[in-house]
Amino acid sequence: MAAKTRYNLRELLACNGSKVLENKKSVFVGTGLPMIASMLAQKTHAPDLFIIFEAGGLGPLMKELPISVGDSRTICRAISASSMHDVMSLSQAGYADYGFLGGAQMDMYGNLNTTVIGDHDKPKVRLPGSGGANDVGSFSNKTIYIIANQCKRSFVNKVDFLTTAGYLDGPGGRERAGLARESGPYRVITQLAVYGFDDKTKRLKLISLHPGVSVDEVKQNSDFEILIPDEVETSYVPSENDLRILRQEIDPTGIVLGK
Amino acid sequence: MQILQEGKGELVGWHDPDEAREWVLNNKSRELKDKAMSAKEAVSKFVHDGDFIASGGFGHIRVSMAVVYEIIRQKKRNLIMAGKTAVHDIDILVASGCVNRAEVAYSFGHELRGLSPASRRMVESGRCKVIAETSNAAYQWRWLAGMMGLPFIPSRNLLGTDTGKYSSCKVMRDPFSGKPINLIPAAYPDVAFIHVHRCDIYGNAQIDGHLVEDFELSRCARRLIITTEKVVDNEIIRREPWKTSIPFFVVDAVVEIPYSAHPSEMPGLYWFDEEHIAEWLKLSRTEEGADEYLQKYVYSVANFRDYLEACGGAKKLDYLKKRESYKEPMKTISYK
Chain A
1 MAAKTRYNLR ELLACNGSKV LENKKSVFVG TGLPMIASML AQKTHAPDLF
51 IIFEAGGLGP LMKELPISVG DSRTICRAIS ASSMHDVMSL SQAGYADYGF
101 LGGAQMDMYG NLNTTVIGDH DKPKVRLPGS GGANDVGSFS NKTIYIIANQ
151 CKRSFVNKVD FLTTAGYLDG PGGRERAGLA RESGPYRVIT QLAVYGFDDK
201 TKRLKLISLH PGVSVDEVKQ NSDFEILIPD EVETSYVPSE NDLRILRQEI
251 DPTGIVLGK
Chain B
260 MQILQEGKGE LVGWHDPDEA REWVLNNKSR ELKDKAMSAK EAVSKFVHDG
310 DFIASGGFGH IRVSMAVVYE IIRQKKRNLI MAGKTAVHDI DILVASGCVN
360 RAEVAYSFGH ELRGLSPASR RMVESGRCKV IAETSNAAYQ WRWLAGMMGL
410 PFIPSRNLLG TDTGKYSSCK VMRDPFSGKP INLIPAAYPD VAFIHVHRCD
460 IYGNAQIDGH LVEDFELSRC ARRLIITTEK VVDNEIIRRE PWKTSIPFFV
510 VDAVVEIPYS AHPSEMPGLY WFDEEHIAEW LKLSRTEEGA DEYLQKYVYS
560 VANFRDYLEA CGGAKKLDYL KKRESYKEPM KTISYK
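Chains A and B, in that order, give the protein sequences. Positions 1 to 259 (our numbering) are the ones given, in order, by the first sequence. Positions 260 to 595 (our numbering) are the ones given, in order, by the second sequence.
Chain B with its partners taken away, still in its complex shape (with noise of 0.2 Å):
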């Protein structure tokens, strides 16, 4: 096959299907067993310096925000993130010197909040490196080739452009159309974390609402942190298995915190905390205010129980209930 083009974005997170077999089956059990254990616990033991991580969810929406405070409390350093339609997680880890290198489908924002000035200044500043450009449908399409044990999947988007310049896709000649076509390597995060609506003790999660790329990203993922608004039984997932979208042997950690997608929306149950998300944007305009915010809600909160009551406690979550269900209506909100 010819090669047309060769990216000259930095691959990351990719292995030898051979190899990446090898490691499913030393480091994946098929055993049934409880996997329960603090956030704190779960990051000490499987997010190491240096490893590439990614993060469910989409936005500000169902992000498990209770690793990533997490992360950051523990001072986890020289993490490379996946921007997958990152948003308050990214910003917030590099500003706190974790992530300092990205590959980039959409980060460094809070889509329509505006632009992240914190995340912003270290890119600016050198401080945080991007090594590769990709689109979202290219991301998540590197789970998916990782998921099916496959070294790449080929695809139409990403010709032609910059994007795919500095990806670390190759583009070549189709052996049955003959046209150009786009190579997406397959990766496997070291950790990611996905936060879902219930889980048994074992791992076999259910999300209610849209999925968006936790199906694949689940699946790829070398060790995989699930946190989740309630543990259940695992007779109420055998009762409707249909709606198990992530299953046991592909989760390392079980973690139930409720709430702790907040400051994002958890579908469903509550909205997006757009005070929360102000007070970061207006801190984080300089180093100074987003250390304040790092310190008022992360490095002097024990755990997430105490940054919820931070944040505004019941009252606020009683709040983003009724707001979630249309009972409260939208309000405008400066982010400046």
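So that you can see chain A by itself, here it is in the shape it has in the complex (with noise of 0.2 Å):
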């Protein structure tokens, strides 16, 4: 990273994420990060953005950062409070355009790991396992993935356990295994930059690298090969505004920002 920014890396993190959301689109939301930036996309750009958490909250316009996917914050002034259910269900269905995944491991098809490292039944770390995220890796027309220490143990040629689909062995390879036609990753965003997927290929591409960020830095934090494209652009940069938003009226305590 360059030297000090009037940001830290978690605001650069959220406020990419926020970008990439659409008003007038819904985004199926984890704990932390995918929180603030969903409720900056509503504060910002994207008013009219319907958030779903999978403990049932549909819609709310929190006044409050939550704590947890299923706890009051995620019910203040929306439009249901339903269940689980109801929420996967209507995921399923093609209800989610947007969800967002956090993960320890990812390879270059977008597969994430989120249950073990090392042996399964033996394990070196347990991890909590997918929650909701095998679910929301394949219901979400698009999902977003927040990863915040890019590296070559995190961007791994083969993770140790696959949790949630990206495109599984390449092209095809969600349809053949059964999951939705129009699904699957869309975005990673790091500490170093943003990717998307190639369509070809389906695999990790390049689109965007953060201020002061090089592509040698990039491939250096990878075990895998990344795609890069003759143009790079530089990632969206926090605007004062985002921040003061961020800063007073998302996560005035710095809980999941820091400060």
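In case anyone wonders, no lab produced these hints; they're calculated from the structure. Among the hints, erroneous ones may be present.
[Claimed, not checked] Quick list of simulated restraints, FRET-style, between CB atoms:
1. Gly309(B) - Ile117(A): 27 to 35 Å
2. Ser584(B) - Gly258(A): 26 to 34 Å
3. Ser593(B) - Lys122(A): 30 to 38 Å
4. Leu243(A) - Arg544(B): 29 to 37 Å
As the structure is a computational prediction, the values presented were derived from the model and not from experiment. Even glycine gets a Cβ: it sits at the ideal position worked out from N, Cα and C.
The task is to assemble the complex, starting from two chains supplied on their own in separate frames and drawing on the hints.
Shown next as structure tokens:
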């Protein structure tokens, strides 16, 4: 990263996550940065963004950052407080435009691991498991990943455990497995850059570099080869207005964004 | 039909649909009868060693902690837990040696607050076994199939992943579309415990806010313990019947204990006790610390009232009520 900036890394990730979201679309939101990104989008360019929480919160207009995707903040001024069956069914039927995920490991096709490091039955590190991740990754039309620690241990050739489907083994992999045709990973946002997936090969492809980051740095921090296009943009840089909203309105205590 | 893949996860809580109906016929009375009892009585009557148990609510929200603590106090053993966004409940049930197996959608973490030192230690050392993996949607659809009296329900998740391979699901060729389809087996937990806002003595229960999985879970569980903030007259239920999410005939015990979701949140009533959760996360970094917590908050208190006193009593509860209704600001706290 470059020398001192006006913003910290988590603020940069939140703003870039927010920018992917479109107005008048829906987003299936997880705890932490996805919530921040979605709330920021609602307060800036996407006032009619429809937020979906897995425990049953539909369309809230939150006045305080939830701690969990199931707490009472997720139904604040919502249009409905329903159930997981309702939310998951709606998503399976195609009502979730965007979904947010994170992961300890990801491969070049966007397959994610949040279950275990090492062998499943003799784990080196036991992680919480799928939670709703497999569902969000299976059902959302476009899934956005936020992975704050891109390195050779997280961008791997083979995930220790394939918790959530990216493009599986490449083009046509999702359809062969029986997953929804119009679905899959769309953007990956890390501390270094923003990525998409190549249409033809379904492999991870660089879109933009964060300020001060080089292509070499991106390559050095991955165990697999990242596709590099001829033209690389610079990622969105948080504006003063974004930072004011993030720090004063959304996360004044810095529980997610830090101080 | 062609079987394309069979998950190698252990199939827990499944019964043949006719056997399930027979169980309902023989064990679930349609009589309006008084089911009020203490947590102690409910747990000793309905939770047995070796049972497959499931907790209502979600994460640290609306969890029946009074029953969880009572299970620990009564030293139930060899339990299998449904790890459906199981957080504080499964963590202390594993740490106390009650639960030694889990089917996992989300377990061994405290969401934003970090991973669970205690239950991770138990899993990584082989003292608690993960017998199957699954996802949140797949778990609650196990309840749905159960409450519908069906052997399985088809779905389009888990496909193509190790989560599916380590689950108890099967993938088949769908005879309608010709595409692979995941089949999620029904589940009937031996006992479930759900915390609600109000309930009558017969078990007609109302939940304010989102139901999460409790509509389905309440109907598939073989035995169901309801803990409630308040027992209300049957007339209150009949006045606004559209608020009833759990009907009496699926309920086996009604336990009135105010604040019994503590330290989890009760939507509309009281907020998470972050100090308490942080104390557990800090203490449980070592086995001795986990034992100290259990001694202080479970073994050495006789009931939930004494437990609440140990947690800060009326002053703490007043703060949690204010915090829930936005009258106290959010505070940051260290969980490490």
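- Item | Hint check, failures only | none
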